[in-house]
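Using the sequences provided together with the hints, build the complete structure.
These protein sequence lines are chains R and B, in that order. Sequential numbering from 28 applies to the first sequence in my numbering. Sequential numbering from 28 applies to the second sequence in my numbering.
There could be a bad hint or two in this list.
Since the list gives no way to pick out one identical chain from another, each pair is judged satisfied if it fits inside one copy or across any two copies.
Straight-line alpha carbon distances no greater than 16 Å define the calculated EDC-like cross-link-like pairs of lysine to aspartate or glutamate that follow [stated by the list, open to error]:
| no. | residue 1 | residue 2 |
| --- | --- | --- |
| 1 | LYS39 | ASP152 |
| 2 | LYS39 | ASP112 |
| 3 | LYS234 | ASP162 |
| 4 | LYS172 | GLU239 |
| 5 | LYS39 | ASP151 |
| 6 | LYS39 | ASP111 |
| 7 | LYS31 | ASP124 |
| 8 | LYS167 | GLU211 |
| 9 | LYS31 | GLU91 |
For the record, the hints were derived by calculation from the structure and aren't laboratory data.
Protein chains: 2
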Amino acid sequence: MKYKLIVEYFGKNYNGWQRQKNGVGVQQVLEEKLSDLLGSTIKIVGSGRTDTGVHALGQVAHFEANTTIPPEKMVFALNTLLPDDIKVQRCEAADADFHAQYSAKRKTYRYQAYLSRIPSPLRDDRYARIVPPLDIEAMKRCAQKMVGVHDFAAFSSLGSEKKSTIREIYRCELIQNGDELYFEIEGNGFLYNMVRIIVGTLVFVGKSKLPESIADEMFRTGNRKAGGKTFPAKGLFLKSVSYTK
Amino acid sequence: MKYKLIVEYFGKNYNGWQRQKNGVGVQQVLEEKLSDLLGSTIKIVGSGRTDTGVHALGQVAHFEANTTIPPEKMVFALNTLLPDDIKVQRCEAADADFHAQYSAKRKTYRYQAYLSRIPSPLRDDRYARIVPPLDIEAMKRCAQKMVGVHDFAAFSSLGSEKKSTIREIYRCELIQNGDELYFEIEGNGFLYNMVRIIVGTLVFVGKSKLPESIADEMFRTGNRKAGGKTFPAKGLFLKSVSYTK
Chain R
28 MKYKLIVEYF GKNYNGWQRQ KNGVGVQQVL EEKLSDLLGS TIKIVGSGRT DTGVHALGQV
88 AHFEANTTIP PEKMVFALNT LLPDDIKVQR CEAADADFHA QYSAKRKTYR YQAYLSRIPS
148 PLRDDRYARI VPPLDIEAMK RCAQKMVGVH DFAAFSSLGS EKKSTIREIY RCELIQNGDE
208 LYFEIEGNGF LYNMVRIIVG TLVFVGKSKL PESIADEMFR TGNRKAGGKT FPAKGLFLKS
268 VSYTK
Chain B
28 MKYKLIVEYF GKNYNGWQRQ KNGVGVQQVL EEKLSDLLGS TIKIVGSGRT DTGVHALGQV
88 AHFEANTTIP PEKMVFALNT LLPDDIKVQR CEAADADFHA QYSAKRKTYR YQAYLSRIPS
148 PLRDDRYARI VPPLDIEAMK RCAQKMVGVH DFAAFSSLGS EKKSTIREIY RCELIQNGDE
208 LYFEIEGNGF LYNMVRIIVG TLVFVGKSKL PESIADEMFR TGNRKAGGKT FPAKGLFLKS
268 VSYTK
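Next comes the structure, spelled out in structure tokens:
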């Protein structure tokens, strides 16, 4: 039987989704606990990697297992074995041709920041801090340039393994709430560090360290160095993965 | 010169505000860093204790020091020395007769919970989880009974050192936001574990384990055992301390 899992995790203690040379990946923990539960070696496939320290509200994965445990029972059985910072939120029976990575049509990321000269201990592990002032209107205008089909090579860290660097962004929105600022970015796929570089570049625009036109230049030249810094992983959340257009 | 500090802290790694036999208190860390900064032993006085694991958005403290460092410089100098989970948010010059504990007129606590059968890793360290269903209207009615001047002896853990157990509650509100439930409680003072016992008792009312009239019975009898369980510290935040009526 093929199962689809929706997984929430707090990424602080993990080297991202995938197993790394050093450190533990979330996928690895899930595979170990599933294998313990089912008494055979289980391999799971995620919708894609998340970087070291990145969190997920709705990472999606699939696995096949020679069992008929009902999906809703799988949630409770697996959560009993999983640590506090990784929990399955939902489990469904998946079609035979479902593939967590290849069937994915749309991903939504959220990046959380707050504006303050003073660090906030209660937000320290899940927000980036930005020192004001910030021209948020300029950032919103630049964010609009991200929407559409572009070559995002300049928005990717060197060493990215993806062959094509062309992606479509459906939505790139800034939401203000008191002293907090959320970036919501939705697209058909993302390159390594892409969201964190988009956020860093928008923040540099907001601080007038870069012009709004920087996005056009980066699309044209593919030059990563033209952009803003890669913002910290701790503010980034994989919100959801969608399998319908 | 006398200084007033407003301090935010994430309580997970501390044995509350005050120094304990085992473990470190937030007050102690502040005293050590202040003493390092000013080159003499500094004693600070907080508005009151917070229990082990409880957080604060706006704990207030005062101290006297033989220095003329401007308050706004104190914030930055002290934060450089403080760990990530304790940061001074504001520092002001205080009147000679200001006392963080005795001058306090009003405290506001917030308790955070979410309703779900499944644990949420991203909320695990700062929310209590309540398994639905929950009769929130019954809880709101019982919460209204807390408002006013009452003997809260039954809402205090044994061994509380306070002599009088009479307190006035100005506001006891439940706020729903999606699957989250916040309890906001404002009063002229709180006994040991009082907020966490109020929350636990209201939740037992919401689960029909206790009748709404339990509040009246507890005020009348002073019997702690009649109430609900003491809810976990990790969901509790000292939001603010006010020095005006």
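Each hint, compared with the structure:
Taking CA atoms no more than 16 Å apart as the test, LYS39 paired with ASP152 passes in both settings, with 8 Å inside one copy and 13 Å between copies. In this assembly of identical chains, the alpha carbons of LYS39 and ASP112 lie at most 16 Å apart whether taken from the same copy (9 Å) or from different copies (15 Å). Taking CA atoms no more than 16 Å apart as the test, LYS234 paired with ASP162 passes inside one copy only; the shortest distance there is 7 Å, against 48 Å between copies. Only within a single protomer do LYS172 and GLU239 lie at most 16 Å apart by alpha-carbon distance; the minimum there is 9 Å, versus 56 Å between protomers.
Taking the closest pair of Cα atoms, LYS39 and ASP151 come within 16 Å of each other both inside a single copy (11 Å) and across two copies (13 Å). Taking CA atoms no more than 16 Å apart as the test, LYS39 paired with ASP111 passes in both settings, with 12 Å inside one copy and 15 Å between copies. When the C-alpha separation of LYS31 and ASP124 is checked against a cutoff of 16 Å, the pair qualifies only within one copy, where the shortest distance is 12 Å, while the shortest distance between copies is 64 Å. In this homomeric assembly, LYS167 and GLU211 come within 16 Å of each other (Cα to Cα) only inside a single copy, at 11 Å, whereas the closest approach across copies is 35 Å.
Taking the shortest Cα distances, LYS31 and GLU91 sit within 16 Å of each other inside one copy (9 Å), while across copies they are farther apart (61 Å).
This entry satisfies every hint, going by the numbered hints stated previously.
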